[in-house]
Each structure stands twice: as structure tokens, then as C-alpha cells.
Amino acid sequence: MPPIDAMDLSVPRPWGVWVVEDDNHARSFFETSVRRSPQLQWLGGAGSVREALDWLKGDGVAPDVVLVDLGLPDGSGLDVIAAAVARYPQCEPLVISVFGDEESVLASIEAGALGYIHKDAAPEDIAQTILEMKAGASPISPMIARRVLARYRLLQTASRPEPAAAVPPLSAGPVEKADPGRSLLSGREQEVLTLIARGFSYAEIARLQGLSVHTVQTHIKHLYGKLSVHSKNEAVFEAMRLGLLRHPGSD
Numbered sequence: 012m013p014p015i016d017a018m019d020l021s022v023p024r025p026w027g028v029w030v031v032e033d034d035n036h037a038r039s040f041f042e043t044s045v046r047r048s049p050q051l052q053w054l055g056g057a058g059s060v061r062e063a064l065d066w067l068k069g070d071g072v073a074p075d076v077v078l079v080d081l082g083l084p085d086g087s088g089l090d091v092i093a094a095a096v097a098r099y100p101q102c103e104p105l106v107i108s109v110f111g112d113e114e115s116v117l118a119s120i121e122a123g124a125l126g127y128i129h130k131d132a133a134p135e136d137i138a139q140t141i142l143e144m145k146a147g148a149s150p151i152s153p154m155i156a157r158r159v160l161a162r163y164r165l166l167q168t169a170s171r172p173e174p175a176a177a178v179p180p181l182s183a184g185p186v187e188k189a190d191p192g193r194s195l196l197s198g199r200e201q202e203v204l205t206l207i208a209r210g211f212s213y214a215e216i217a218r219l220q221g222l223s224v225h226t227v228q229t230h231i232k233h234l235y236g237k238l239s240v241h242s243k244n245e246a247v248f249e250a251m252r253l254g255l256l257r258h259p260g261s262d
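Read in order, the letters of the sequence shown correspond to residues 12 to 262 in the working numbering.
What the hints contain is simulated information worked out from the structure, not anything from laboratory work. One or more hints might be untrue.
[Claimed, not checked] Below, computed lysine-lysine pairings styled on DSS-like, alpha-carbon distance capped at 30 Å:
#1 130 / 145
#2 130 / 237
#3 130 / 232
#4 237 / 145
#5 130 / 68
Work the whole structure out from these sequences, hints included.
Here it is as C-alpha cells:
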């Protein structure tokens, strides 16, 4: 009969999965999928940045996989990803978020994420996606992949950015007739939308508006919900269709 240690080595240890998601329904979905897989172990979940950071400071079981939503109520999931990778370098973060724009994807990858799935395109069996990632894959939604590729093509072909001084005031261009679509957005959301259309990044918008990056993300999340879109490009297109923005060339 082989030694006990040899027998233990023949049985692979299940991958520990920890989830940071403020939506109880989504977190329950992830938990159910993980618990169904004998190759995975559910380690628990957190619903906010503060709760997640407190958990990471503890002496719990080191996670192998961390599922993270970016739009948390008290901050950005990017902070959780960075902290998780710093605390447990071997863990592999996977983002599952409502944010589908190129900047969020690239920022997540820079923070340490190995995959990015839009919530509207989340697979029915998230456990299989986790196992594929542990096998070496980098999961990414097709819609996200297209936007990232488009972003890289744009960066390769883009000309010099216009100087900030050339940007006209936000209040320029009075509306001749009251547009019913304009009441859809708050004043701050309208300003953020205008800056998005002009190509400013989250950090630049935050600096120009005197806001935190998290607050800007919150405004953008509300914009996406009101316009029923999932990316900055779609938001600009829909806003122009509704008359919330003028075409750049229509001065």
C-alpha cells in the first residue's frame, strides 16, 4: 500500500475561489456555480472595497482565483485586484463587470487581471471559465475583445492629440429648442458625457471636474444605464442620436 503522502499527492487540491461583488443575486450565481464543481472550493465573498481589503488583511485561505466587479459601492474593484495580487501573488483575478469600455479593460489588465467578461455576456457555467483560466487561458468576452482591438488600432493610427486649450467651453452651443432627451441626464452627467465624446480619460475627467475617479465611474455607470449602452463609443453614438450631443463637425 503506498504511503499516505503519495496518496494525497495523487488527488489535486481544488482551486480556491473568492468573489467581490455587491449584487447579491450575481454573487449567489457565482457561488452556486463554484460549489457545483469538485475542482473548485468556495472561499466566500465580499460586497465592497472596504470589506474586501479587510478580508485580504486576515489570515484566511489564500485564494487561487478572485472574481471582481469594478463598480463597487465604495470604490473601484481595481483597488481590490491590486491589493489581492500584492497579498497573494499566485492568485489570478478575473473581472466580471458591467463596464465594457476599453479603458476599464486595459486598466484591469494593468492591475493584474487575466480575464475580463462583460456581465451581459457572462457564461452560464462560470466554473468552467475559471478552470479554463487555471489551465492557461485568458477569458474575455467577444464584445470586449473587439473593443480592445479597436482601441489598439486607434492608438496606432491616431494623430497628435489636440492641446487642452483648444477644447471649447462645456457651455458652448446653446440649444435652440428644448430637447426631451436632455432631461434624461443630470447636469454633471451631461458634462461627463461631453468630455467622454471629446476623448478624455477617466483620470482627465476627474481632474477637470474636481472629482475622484470613482465618482466619475459612478456617473458613467449611470449614463450607461440611462442610455442602455455598455461602452463609451455606444454612449456617444446613442447620445448623438437622442440629440444630447452635437456631431463634432457640426459647428
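Evaluation of the provided hints:
1. Of the supplied pair hints, the one linking residue 130 and residue 145 holds, its CA atoms being roughly 20 Å apart against a limit of 30 Å.
2. Simply put, residue 130 and residue 237 have alpha-carbon atoms about 17 Å apart, close enough for the 30 Å limit, and the pair holds.
3. Restraint check: the Cα-Cα separation between residue 130 and residue 232 comes to about 13 Å, which is no more than 30 Å; the hinted pair holds.
4. For the given pair, residue 237 sits about 37 Å from residue 145 by alpha-carbon distance, which is inconsistent with the 30 Å threshold.
5. As the CA atoms of residue 130 and residue 68 are separated by approximately 28 Å, the hinted pair is consistent with the 30 Å bound.
The structure fails hint 4 only (numbered hints given earlier).
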